[in-house]
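Taken in sequence, the protein lines are chains A and B.
With this note's numbering, the residue at position 3 of the first sequence is 3, and numbering never jumps.
With this note's numbering, the residue at position 423 of the second sequence is 423, and numbering never jumps.
Since the hints were derived computationally from the structure, they do not count as laboratory data.
Computed from a prediction, not measured in an experiment: that's the story for all the values here.
Watch out, some of these pointers could steer you wrong.
To be verified - Covered by chain B, per the in silico footprint, the following chain A stretches (three or more residues, Cβ under 8 Å):
hint, stretch
1, 206-218
2, 227-239
As the list claims (entries may be wrong) - Straight-line C-alpha distance at most 30 Å; calculated BS3-like pairs for lysine-lysine:
hint, chain 1, residue 1, chain 2, residue 2
3, B, 352, A, 291
4, B, 351, B, 278
5, B, 192, B, 125
6, B, 192, B, 48
7, B, 48, B, 23
8, B, 351, A, 291
Beta carbons: idealized from backbone N, C-alpha and C, even for Gly.
Chain by chain, the residues run as shown.
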Amino acid sequence: MSPTTAPGQRAAGPARGSRGADVWREVTHHGLFWPLLALVLLILACGVASPGFLDVTVRDGHLFGQLVDLMRNSATPLLLALGMCLVIATGGIDLSVGAVMAIALAVSLTYLDNAADPSAPGTVLTAVLLGLAVGGLGGMFNGAMVAGLGIQPFIATMILMVAGRGIAMLITQGQITTVTSPPFKSIGSGFVLGVPTPVVIAVVTFGLVVLLVRRTALGMFLESIGINREASRLAGVRSRRTTWTVYVIAGVLAGLAGLVYGAPTMAADANNIGLMKELDAIMVVVLGGTKLDGGRFYLGGLLVGAMLLSTLERAVIIFQLPSQTTPLFKALVLIAVCVAASPTLRAMLRGRRRADRSDAPAAPVETTPAQEVTA
Amino acid sequence: MSAAPPAPVVQMTGISIAFPGVKALDDVGFRLFPGEVHALMGENGAGKSTLIKALTGVYQIDSGRIEVEGREVRLDGPSQAQAAGISTVYQEVNLCANLTVAENVMLGHEVRHGPFIDWRATRRKAAEYLHRLHLDVDPRSMLSSHTIAVQQLCAIARALVVDAKVLVLDEPTSSLDNAEVAELFRVVRSLKDDGVAVLFVSHFLDQIYEISDRITVLRNGRLVGEHMIADLPRRDLIAAMIGKSGDALAGIEEKARSTITIHSDREEPFLTAVGLGKNGSVQPFDVDLYAGEILGVAGLLGSGRTELARLLSGADRPDTGDVRVQSALTRLTSPLAALSRGIAYSTEDRKKEGIVGDLTVRENIALAMQARRGTWRPIPRRQLDDVVARYITALQISPPNPNALIRNLSGGNQQKVLLARWLATAPRLLILDEPTRGIDVGAKAEIQKLVTELAQDGMSVVFISSELEEVLRLSQRLVVMRDRQKVDELVNTDDVTTATILETIAESGARA
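Sequences are here, hints too, so could you generate the full structure?
Okay, structure coming up:
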């Protein structure tokens with residue numbers, strides 16, 4: 001039950017057949033097997049197509065190389081997916097994260113733009129905190145709509161998704177606000193102990209979220225709400241408050257993602273910052289083995305999912321395909337991974353789909369093969 | 001009621017339907033005469049809904065024959081049943097809430113000019129049908145803007161449009177208030193006068209006796225009997241449904257009730273409710289709950305048993321009344337509020353409101369305890385392991401594996417895990433709603449024994465069950481519920497038997 005446990009581990013069936021086959025089954029049934037395999041194959045393919053792809057060098061005390069770039073590019077989707085994963089665990093969805101990125105960046109940069117000295121550490125810190133706070137505000141709004149008013153998450157968060165870019169536009173007054181502030185810029189393009197700052201931010205945030213979720217009861221409550229909201233409420237879980245909290249967390253993380261994503265260019269482009277990033281985040285969550293219908297979630301899988309996503313984007317360039325076709329390849333990988341991990345397909349391949357049918361009417365029969373119980 | 005009608009409009013003979021492992025209907029006969037209201041009675045699982053579904057074409061019969069107006073028909077689907085003149089109004093209205101009243105009433109029977117619908121004529125026609133039911137609603141208004149009662153009447157109007165000979169009303173009154181029920185019955189009577197045969201299913205005995213002409217009783221998928229309403233007093237009806245004659249019941253009752261003596265030194269009650277009630281759920285009631293005592297709640301399904309439990313446990317918020325816990329005035333605004341005052345509630349619907357299927361046994365046990373501690377103070381791992389291990393052993397939960405997903409356990413073991421969930425919160429008051437439903441005999445006995453022991457250790461227990469014997473065996477005091485109100489409270493002395501309780505249910509009905 002470590003935080004990074006992935007689907008399949010717990011549900012793994014009892015030992016049957018030969019030992020080698022068991023290990024093989026265990027491995028292939030691990031929720032992260034197919035995404036990881038896809039990631040490794042893709043990186044190897046890139047390595048073959050583009051010699052030097054796998055090289056990591058140290059230049060000026062900083063890590064350099066394509067793999068390092070991949071990790072840097074994974075930071076934003078990972079931050080978004082962390083929040084998205086928690087929201088999805090409760091049975092919800094947050095479509096507004098892309099727009100929230102744009103708002104947060106717009107607020108931060110506008111504040112810097114108006115500051116006397118955009119490079120002063122205090123000013124930059126305030127700008128960052130403002131961006132995060134704005135993200136949190138967006139999350140509060142989403143959470144109030146979903147948990148307070150009971151609006152369907154898809155619709156509730158679509159409001160901010162659509163309106164968000166307009167709000168960002170108002171903040172930047174229709175301009176693409178550009179600022180010069182080296183300390184702020186370093187959030188996106190700097191290094192900490194030789195490691196790119198975005199990577200450090202993403203990894204630290206990942207660790208904090210894991211602690212928050214698995215060292216408190218929050219994770220269990222999220223899963224229990226996502227699986228059976230009414231039973232959770234009757235067991236005393238404050239499902240509305242907990243749901244609201246999760247949207248706020250997702251909002252803050254989206255704000256952070258906006259800053260990390262926009263810092264290298266220092267340009268608050270309200271129309272394009274974070275465009276379609278909500279779908280990337282959902283894809284990372286799904287690739288990581290968490291189901292969209294809520295309940296069990298797997299934060300560890302997000303690391304693989306985020307890397308897979310950015311590797312894919314890079315692979316399109318390496319194989320000299322038109323970059324407009326990137327979404328197509330994302331879709332292909334998504335389909336491949338989902339199909340490979342599909343329990344229905346596995347059951348079909350094993351030629352027994354009967355287990356599904358015992359849910360049907362009639363008497364309250366055991367719905368599960370006896371083997372799992374007697375294990 | 002008019003004189004004996006000539007020929008039945010529906011005649012079902014020798015109907016059998018089997019599901020895997022269950023014989024839902026076994027050689028059942030049923031007939032329905034024009035111009036009568038015919039009540040179909042039976043406990044849960046008696047086969048009422050299966051019979052209705054056979055008649056409305058939802059289920060196909062394995063053997064037997066169905067005749068409508070003397071001709072044998074094959075009902076392979078709802079549309080064929082409708083074509084044969086059989087219309088159904090379900091408990092939950094099966095119309096389209098987002099269409100207008102006229103559209104709903106006339107759906108599929110709109111007035112057409114070639115491919116086009118003449119909406120004006122359609123609305124006019126809908127208004128005529130509504131008028132026949134003395135229903136004063138604007139045909140252009142949205143169906144969803146009306147109460148459930150009006151929506152049901154619209155569903156009946158729809159039955160008129162298709163010129164139904166048979167109208168099936170499946171629990172139509174369960175969400176209606178008294179005035180609405182009266183309105184519905186007025187419509188049913190006028191349909192009856194028009195020669196429509198009405199099949200009526202309800203858990204409310206009063207309503208059965210108010211509106212029906214004839215009763216058919218089913219039990220365990222078999223026909224018990226068909227009676228004119230006048231020939232079947234309430235007590236006999238209940239006995240027929242439950243399957244024991246009143247006299248026989250009186251004989252076998254032999255109380256294993258036990259070492260526990262009734263608290264004569266009534267200190268102060270743990271919980272006192274005064275005038276606690278909720279509109280449309282349960283009428284205001286008073287009740288005192290004492291430490292060390294099991295209070296049994298008896299009543300038929302839908303009598304308000306569960307609603308009473310939900311008000312006492314914070315699951316629903318009451319409209320009226322006060323609750324005092326250890327004489328301090330308290331508002332039980334949420335399950336958590338009740339839990340933190342030591343009140344735990346194990347629900348009737350284990351699957352929907354009890355287990356969290358994809359979580360482990362350990363997590364399911366921990367849930368309520370953790371909720372009480374709050375999100376930020378997780379139960380230390382070792383402490384939780386101890387608690388879980390203790391309950392798995394004490395309740396003999398099988399498999400004894402805390403990491404098993406609860407949905408993979410059998411019903412009885414799921415129930416034990418839920419009991420462990422509540423017991424782990426160290427409650428002062430434990431409310432058990434049907435804790436032994438659908439579990440095997442062994443587990444049932446274990447749970448009954450456990451409940452007795454808990455009370456002996458000073459816990460206050462509310463025990464709700466459909467099985468009168470069980471309630472009687474376990475409890476020291478009894479609350480009798482009927483038609484969503486508390487009708488009586490009795491001390492469970494030796495001369496109280498299931499027959500006494502049945503009488504109480506029936507008599508209080510007659511008195512009302």
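Right, here's what the structure says about each hint:
no.	hint	in the structure
1	206-218	holds (count 4)
2	227-239	holds (count 11)
3	B:352 with A:291	20 Å, holds
4	B:351 with B:278	25 Å, holds
5	B:192 with B:125	22 Å, holds
6	B:192 with B:48	22 Å, holds
7	B:48 with B:23	13 Å, holds
8	B:351 with A:291	21 Å, holds
In summary, this structure violates none of the numbered hints.
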